[in-house]
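Engineer: From first to last, the protein sequence lines are chains V and C. Per the working numbering: the first sequence = residues 789 to 999. Per the working numbering: the second sequence = residues 14 to 104.
Hints in this document: simulated from the structure, not taken from any laboratory. Just so it is clear, CB atoms sit at the ideal spot from N, CA and C, and this is done for glycine as well. Where hints are given, some of them may not hold.
What the hints assert, rightly or not - Here are the in silico distance ranges between beta carbons for each label pair:
id, chain 1, residue 1, chain 2, residue 2, range
1, V, M985, C, L40, 38 to 46 Å
2, C, H51, V, A810, 26 to 34 Å
3, V, A951, C, R15, 38 to 46 Å
4, C, L73, V, P962, 17 to 25 Å
5, V, G953, C, E49, 15 to 23 Å
6, V, A951, C, D50, 35 to 43 Å
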Amino acid sequence: MHLPDGFLTPEVWVPLWALAAAVLAFSVWRVNRRLEDRHVPLLGVLAAFVFAVQMLNVPVAGGTSGHVVGGVLIAVFVGPLAGSLVMASILAVQALFFQDGGITTLGANILNMGLIGAILGYWLYFLISRVVGGKRGRMVGAGVAAWVAIVLASVACSLELAASGTSPLSVALPAMVGYHAVIGVVEAVVTVAVVGMVSRARPDLLELPKL
Amino acid sequence: MRLRWWMVGLVVCLLMAGLLSLFASPLPDGLERVAEDHGFAEKAEELFSSPFPDYSLPGLGGALSTSLAGVLGVLLILLLTLLWARVLRKR
């Protein structure tokens, strides 16, 4: 779902760049001096894992592929604001070094694939896991939030395309949501599987303070 | 050297980016598919040339190119993240 340069007009990408920069600046301010030593290797490995998993496109319906985005997965471990910084780092490296996503559209991509998953997704996960409770709550919350985050990202992407006059909403929205409702299932399965594996092998890694 | 959890994690990441990535589906992703089906794919522009376009090393073809680009990417994002995480650490 990485928007390339050219898909969004300046009236759309400039304010989204500003919005993404503002949220990231707030994240830096809140996370600064609160990260513990044991957060550091976890952040590094999570970033490397999500970068790697994003390379692994799997075929979904109708000649289309999709890959895990990972925003909810990261936030479940380190919290929404540290999570948004990791996602922004990944998306910036992809755009600058791998031509995956544009430069003008980086703000929009950070919003769609980073902030929606890491922040909105995290709070949905938090809410569901509290309501359901226990280890099951964590799994149900992670899975539902992962799916919702992907679908919401595709809604945001459609709105941005429509606002730029690239594709009318009546065309972009059903098509984008249709494919990403399926890709979201892959996101949910992988998120739950990774959280499940870590909670059995190293439950302490899931108990770090959430920033 | 004691086996640490992050060493296992890092090996998994390198295997995914360096080996599993060779089996990734080359099909267009959701957005690319919608752009092709509804005629706006050609609006994509390249404003600059990045060093490893589409996860490949220029001048090197095939599997090795993707593999090395994946490994480089993992090391790059790992270093970048460790760098800012250390800067933002409690002192």
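Engineer: A range of 35 to 43 Å was offered for this pair. Does it hold for the Cβ distance of A951/V and D50/C?
Structural biologist: violated (20 Å)
Engineer: Determine whether the Cβ-Cβ distance between L73/C and P962/V falls within the hinted range of 17 to 25 Å.
Structural biologist: Violated, at about 41 Å.
Engineer: Is it true that G953/V and E49/C lie within 15 to 23 Å of each other by Cβ?
Structural biologist: holds (18 Å)
Engineer: Given the hint of 26 to 34 Å, check if H51/C and A810/V actually sit that far apart at their C-beta atoms.
Structural biologist: Because 32 Å falls inside the window, the suggested range holds.
Engineer: Using the Cβ atoms, figure out if A951/V sits within 38 to 46 Å of R15/C.
Structural biologist: With a Cβ separation near 54 Å, A951/V and R15/C fall outside 38 to 46 Å, so the hint is violated.
Engineer: Hint says 38 to 46 Å; check whether the CB-CB distance for M985/V and L40/C agrees.
Structural biologist: violated (28 Å)
Of the numbered hints given earlier, the model fails hints 1, 3, 4, 6; all others are met.
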